[in-house]
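Protein chains: 2
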Amino acid sequence: MPKLTDAERDEMLKPLFDTGWRMVDGRDAITKTFEFKNFVEAFGWMTRCAIHAEKLNHHPEWSNVYKTVEVTLSTHDADGLTENDVKLAKRMDKQAG
Amino acid sequence: MPKLTDAERDEMLKPLFDTGWRMVDGRDAITKTFEFKNFVEAFGWMTRCAIHAEKLNHHPEWSNVYKTVEVTLSTHDADGLTENDVKLAKRMDKQAG
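These protein sequences, in sequence, are chains R and F. full-length UniProt numbering numbers the first residue of the first sequence as 1 and each following residue consecutively. full-length UniProt numbering numbers the first residue of the second sequence as 1 and each following residue consecutively.
Note that these hints are calculated values from the structure, not bench results. Keep in mind that a hint or two might mislead.
In this list, chains with the same sequence are indistinguishable; a pair is considered to hold if it fits within one copy or across any two.
No more than 20 Å apart at the CA atoms, straight line, and that leaves these computed lysine-lysine pairs for PhoX-like [stated by the list, open to error]: (1) Lys55 / Lys37; (2) Lys67 / Lys55; (3) Lys32 / Lys87; (4) Lys14 / Lys55.
Same shape as in the complex, but just chain R (with noise of 0.2 Å):
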């Protein structure tokens, strides 16, 4: 799967902006902060997002603290942003809706 390309980055990055997602700084990868009520919510939300991922074989890297996901996407095999990260970000904020 190729790296994002300018115009795809405009067209497919703006809305995963908008919802909170942002660029890591030196890294051609996406971050997102989610909070939850409570670890049971965050876990659950992990857990969803867990099948998902799978299902995609594209899998997060993201980190827990409580109530607290951060999470940061890239595609490895890439070394950058591709769509399969694009899709894992949206399935994410939908599950988190």
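Use these hints to put chain F onto chain R, whose structure you have.
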């Protein structure tokens, strides 16, 4: 819950160090990196640990990248290691065993 005494550390932390836990530099916390066969195995383990953590009402700081999970344990309210950290560390080891 009070911080572990020196005697308790000798007794309770030593067996954890033998299974791969170590002190975090500059912080009264322990950390361990768990490696699994793949993402499903890693997240399955996290799910079992999450249920134990919620039952103990004591939660890890952890991050996951594909088949690797890095865990840090410390007790926020005590500003350091307590028996709860030892309990959760043991359960995490058991679930990975």
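Checklist entry - Is it within, between, both, or neither for Lys14 and Lys55, if the alpha carbons may be no more than 20 Å apart? => result Close neither inside one copy (25 Å) nor across copies (41 Å); limit 20 Å.
Item to check | Homo-oligomer pair classification [Lys37, Lys55; C-alpha up to 20 Å] | outcome: between (27 Å within a copy, 17 Å between copies)
Checklist entry - Checking Lys32 and Lys87: alpha-carbon separation at most 20 Å within a copy, between copies, both or neither? => result Answer is within: at 14 Å inside a copy they meet the 20 Å cutoff, but 32 Å across does not.
Next on the checklist: Within, between, both or neither: how does the pair Lys67, Lys55 come out at a Cα-Cα threshold of 20 Å?
Outcome noted: Only across copies: Lys67 and Lys55 sit 16 Å apart there, 25 Å inside one copy, limit 20 Å.
In summary, the structure is inconsistent with hint 4 from the numbered list given earlier, while agreeing with all the others.
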